[in-house]
Structures are given as structure tokens and as C-alpha cells.
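Take a look at the letters that make up each chain.
2 protein chains.
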Amino acid sequence: MKKIRLGIVGCGIAARTLHFPALKELSHLFEITAVTSRTRAHAEEFARMSGNPVVFDSYEELLDSGLVDAVDLAVPVDLNLPFIERALQKGVHVICEKPISTDVKTGKKIVALSRNSNKVVYIAENFRHASVFWKAKELIEAGKIGEVVYTSWQIWVGMDESNEYVRTDWRKEPKHVGGFLSDGGVHHAAALRLIFGEVEWVSAVAEDLSPHLGGMDFLSTLFEFENGIVGNYTVSYSLKGEDEFEVVGTKGKMFIFWDKIVLNDDVVAVPQEDSYQREFEDFYHVIVTGKPNNLGNPEEALKDLAFIEACVKSNGEKTFISEFLL
Amino acid sequence: MKKIRLGIVGCGIAARTLHFPALKELSHLFEITAVTSRTRAHAEEFARMSGNPVVFDSYEELLDSGLVDAVDLAVPVDLNLPFIERALQKGVHVICEKPISTDVKTGKKIVALSRNSNKVVYIAENFRHASVFWKAKELIEAGKIGEVVYTSWQIWVGMDESNEYVRTDWRKEPKHVGGFLSDGGVHHAAALRLIFGEVEWVSAVAEDLSPHLGGMDFLSTLFEFENGIVGNYTVSYSLKGEDEFEVVGTKGKMFIFWDKIVLNDDVVAVPQEDSYQREFEDFYHVIVTGKPNNLGNPEEALKDLAFIEACVKSNGEKTFISEFLL
Numbered sequence: 084m085k086k087i088r089l090g091i092v093g094c095g096i097a098a099r100t101l102h103f104p105a106l107k108e109l110s111h112l113f114e115i116t117a118v119t120s121r122t123r124a125h126a127e128e129f130a131r132m133s134g135n136p137v138v139f140d141s142y143e144e145l146l147d148s149g150l151v152d153a154v155d156l157a158v159p160v161d162l163n164l165p166f167i168e169r170a171l172q173k174g175v176h177v178i179c180e181k182p183i184s185t186d187v188k189t190g191k192k193i194v195a196l197s198r199n200s201n202k203v204v205y206i207a208e209n210f211r212h213a214s215v216f217w218k219a220k221e222l223i224e225a226g227k228i229g230e231v232v233y234t235s236w237q238i239w240v241g242m243d244e245s246n247e248y249v250r251t252d253w254r255k256e257p258k259h260v261g262g263f264l265s266d267g268g269v270h271h272a273a274a275l276r277l278i279f280g281e282v283e284w285v286s287a288v289a290e291d292l293s294p295h296l297g298g299m300d301f302l303s304t305l306f307e308f309e310n311g312i313v314g315n316y317t318v319s320y321s322l323k324g325e326d327e328f329e330v331v332g333t334k335g336k337m338f339i340f341w342d343k344i345v346l347n348d349d350v351v352a353v354p355q356e357d358s359y360q361r362e363f364e365d366f367y368h369v370i371v372t373g374k375p376n377n378l379g380n381p382e383e384a385l386k387d388l389a390f391i392e393a394c395v396k397s398n399g400e401k402t403f404i405s406e407f408l409l
Numbered sequence: 084m085k086k087i088r089l090g091i092v093g094c095g096i097a098a099r100t101l102h103f104p105a106l107k108e109l110s111h112l113f114e115i116t117a118v119t120s121r122t123r124a125h126a127e128e129f130a131r132m133s134g135n136p137v138v139f140d141s142y143e144e145l146l147d148s149g150l151v152d153a154v155d156l157a158v159p160v161d162l163n164l165p166f167i168e169r170a171l172q173k174g175v176h177v178i179c180e181k182p183i184s185t186d187v188k189t190g191k192k193i194v195a196l197s198r199n200s201n202k203v204v205y206i207a208e209n210f211r212h213a214s215v216f217w218k219a220k221e222l223i224e225a226g227k228i229g230e231v232v233y234t235s236w237q238i239w240v241g242m243d244e245s246n247e248y249v250r251t252d253w254r255k256e257p258k259h260v261g262g263f264l265s266d267g268g269v270h271h272a273a274a275l276r277l278i279f280g281e282v283e284w285v286s287a288v289a290e291d292l293s294p295h296l297g298g299m300d301f302l303s304t305l306f307e308f309e310n311g312i313v314g315n316y317t318v319s320y321s322l323k324g325e326d327e328f329e330v331v332g333t334k335g336k337m338f339i340f341w342d343k344i345v346l347n348d349d350v351v352a353v354p355q356e357d358s359y360q361r362e363f364e365d366f367y368h369v370i371v372t373g374k375p376n377n378l379g380n381p382e383e384a385l386k387d388l389a390f391i392e393a394c395v396k397s398n399g400e401k402t403f404i405s406e407f408l409l
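If you read the protein sequences in the order shown, they are chains R and C. Under my numbering, the first residue of the first sequence is numbered 84, with each subsequent residue one higher. Under my numbering, the first residue of the second sequence is numbered 84, with each subsequent residue one higher.
It does not matter which identical chain is meant; a pair holds if it fits inside one copy or across any two.
Below, in silico cross-link-like pairs of lysine-lysine (DSS-like), each with a Cα-Cα straight-line distance of 30 Å or less:
id : residue 1 : residue 2
1  : Lys258    : Lys192
2  : Lys396    : Lys334
3  : Lys218    : Lys323
4  : Lys323    : Lys343
The hints are simulated quantities; they were obtained by calculation from the structure and are not laboratory data. Note that the structure is a prediction, hence the values are computed from the model and not measured.
Kindly produce the complete structure, drawing on both the sequences and the hints.
Spelled out as C-alpha cells, the structure:
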């Protein structure tokens, strides 16, 4: 099977700790042939650990090198739009870290670029590749808790000033809407939408509580899906605690963890897989075998971001997600 | 010490199972001297178990008998206003079961009647007499979880068609706002207000999900207290489950149960007392010793109801509680 020649663009936390371990397991699908990073030393370090691809001083040079079929963008989120645009101009496929963009308005431009290109634009949202959410959906659709009435998701990320994400320059003064609220929140939106479908409206309070985290760091919401299921989603990126993801139906409840679902009184174990690895595999198949781009579709990523942007802008007002997507 | 001669008005579930056991323990403070009920047989049964007070065919006759200093109203909620009015006209003190009235508009008339009378109008809200909520408030004010950021209260009452409250005629076709949502909800509002202070606004979804329960039976909310604390309160009167009342602060968490508070990793036991007994004791002292009527004040009960009415009418819109109280 033909390998995709991949250029790594941005050698920050995501590329080093999330993408590279996945790509190492997928050396039959991808060959890392080129790398670039704002800080050349980071690119060189990445090159050393990844089989010595060519290190480029700039993204332009990498794109022009003829060495890459696709680029993996793991750059500050405000660069997603111009970097995707340039890749497509050069006829290069793109996989790009979530969130799709800093806000829905610029995210729509990425959707448009993707629609008008015959190259693949794949937004990497690993929660859409996490088995446990698909298992939850399957159990719900099998009627295991009756008709779903309500879901509650509380997330306590508990990052402090020593956290490497907190220390990232572009996260200290975020240009992306709500800062951590969108950076982390699009993951949660993706999981909620995967399991329950589209959110119709949200009412939310978004706050900047921690002085140590750039931008906002607390969000609490009430929302309703188009199918009438009601939910609360609350997240703090600074406070510590135990996460709880609960789904309540007319005939029972389930609690969703990463490795299991507690379904009424039973435990359903869910095998752990590397969601980043599954994501790159999917990207490969979308390019090579023409598999539909359902999971990395920029439109999906835009809907995730629209939910969060609606939360951030709600200020307690009932805010329809569709208004952001028009 | 002078005993208060008490007339029992309405011999339904509340009078029989909540008030009578408390009054039996308070025979040094109250003497049940008269009783009436829409169904005379119920009044006679109540009389037999409570030392044979005089049974009256009507509320008017009971008030005119000269046998009572105070009445205990446990009647369908739409009768609270006219029954309180008549008691005050006759110079008789009143203790009346929550909710104060069917809606805030008529509740305000009770507040006005109370203000213009030299007799006591005491709205019985036993949650304001429950030790555990006062203990939670004390621990929070002592800074045990730092600055409070968020509270989440999920309540699963789980009543089915055989439940005696569900079978009450006036609850089957409720005239009180939201049916069970206000009937049970004013308790929760009272506890939230006791611990955290006044709610500024709420956004909520109220639904009629169960065909077995009259009126609405599901509520999920997002709200903000005047002090900036954010909360979610979700209740279903039909679905079964385990209640969870959580308070999250900058330095820890607490979970509130009826008999204990789990404070970070410690368990703080809270002695159990009969909140109805404490309520009647308080009513006695307000009448006899001139203690301020803080806990049975109609204005407090009105604020509890205003929160619930705002929830019921919100339909996802940001709804300020003060608008209902103007």
C-alpha cells in the first residue's frame, strides 16, 4: 500500500506527545519526510526522534519541496486558516489539530476552502475516534436506559501554572474564543454531538476565574438537543475534581468513563485504543481509499466550535447554535 | 407556659403524616382543640388519634368557635390565600403548608395580608429547619472549600402512580405553577437560598414527561446567585435515581446528604432532628415570645416560589427572579 509522505508543521506539545506516538505505530501508512517549526531547534529535535526527515526553515519551503503529499498542522490555532489555505494552493492534503479555528466566522472559511478543493482537509478531533462514546451511543440506541431524558457532564481539568499547555505562549493570550473553553471544549462538544445529535440552543455562563490560565477557564451550561434531550455541561480548567458523565433515561442511567460504561448496575468494559492513531488511520483511508471524510470533516469541527462559541457568548441568554452556522 | 390552642384544617397527607407526629411531641406547646376537613370522616379519624378535639363541618365554624388561637392549614394550595385571609379576619394566627400559593401573584397578596395583620402568618417550609443545610452554610462560611464557584443539585424523586401524593386530587390537576415543580421545588429553592443567598437569574427547561403525574415533572436549570456562584439544579419527580448535591469551591468540594456532609475527604455527621417539630416550635416562639419570624416569613416563601415560577416560565430564556417580585 502506498505510503503518504507527511510533513510535520509545528513541533509543540500536540505534535510531540499526541501525534508522534500514533504515527510511530503507523509507519506502514505514513512516512514523515519533512518537518518545520517556528523554533528550528524544536524541528531538529523532532527530526532526530522521527527518522531524520528534512528540516525546513519555513512552512513555504516545506510545501514547495515536493517532499510531502500531506501536512500535519499542529500550530497556534489562529494560523489554521492561512496554513490550510496555503497547503491547498500547493495541492497538499491537510490534517489539522482542533479547534478548527479561533471562531466560527474564520472556521467557515476553512469549510469553504475544503469544499472547493479536491484535496482532503481533515480536522483532527480525537474524541470522535474514542470507542467509549460510540459504545455509549450504541447502548442508548439499543434502548438500554429507555428513552434518554437528560445528560450531565462535569469536567474538572485541574491545570495549574506548571502545566505545559498553560505555559504555551498562544494559550496565555488566546485568540481563540473563550481560550481553554474552546481549546478543550470542542472535544466535549464532539462527544456530546456524537452521542446525542445536534444541540439546538444553549444558555451558559463563561468565566475567567483562575489568574494562572489565559482567557476563560470556567463554563456551566444548560442546553437542549434537537431531539429534546436536556443537558448540563460544566467544566473548569483550573479546579481539580472527579469528572462525571451521566446519562439518564426513562428506564435507567449510565455513567461514561474512559475505559468503561456503568450501565445501571452493570459494568461494560470498553477496550482502550489510541484515538490519535485511529484518527491518522482514518485520514489515510480518506485520502487513499476515498473513504468519506465523516469524522474529520471541517463541517463537524465547525459545529463543535459553534456550540462553544454560543456558550461563551450566551451570558445566560438562550442562544441558538444555528445562528452561528448561518 | 401557655399552650397554643390549635385548629387543624385539612386532614390530608401533610397533616396526618408530617404535622401530627411533630405536634404529638410538642404537647407542652400546642393543644389540638379543633379539626375540620373537606371529608368529615377524615376529620373524625384525625380527632380520634389526636385526643378528640371538636370536629367542625366547616372552616368558618371552626374559626368562629372561640376554641382556637391558631390554625394549621394543610389544604389544597389554591385555598391558602382565602383561608389565611379568613383566619386573620377572625384574629387567629396561621401556620400554612408550603408553597405559599399557586403563583407569585397571589402569594404577594398573602405577604400583604401578613404585613397588615398583628397576627402571625407562618409558611411552613421544613427545609429551612433542616440542620444539614445550616451546617453546609457554616462550613462554607468557615472557608472549608475556599471560595464557592459552583453548585449542582440533582434530585430523582421517583414517584409512580401508586404514590399517595400523586393520587391527591388537587395534585392530579394542579392549579399551582408547574405542579410538582413548585410543590416540591420550593423546598429546594429554600435550601439553595439558605446556603447561598438570593438567586439573580435562571435559565430553565420545564417539562411534563410522565403521564402518571399531574402537571410538569421534570426541570433542569442553570442559574446565578447574586454573589456570582453558578448552579445547576435538575429534578425529576417521576424518574428514580440517587440524589446528588455538590458544592465546588476553589479549595475543595462538599457533598450534602441528609445525615452528613462529605467535606473533601472527611465525613461530617449531622444529627437528625424532625424538621417539622422544629418548625412548629419556631411558630410557637414567634407567637408567644415575639421571636422574629425569619424562617416562616411569607416573604421568604414568596422568594422560594418566585425562583420556581421563573424556572417554569423561562423556556431557556434568561429570567430574572426580581421581575416576579416587583
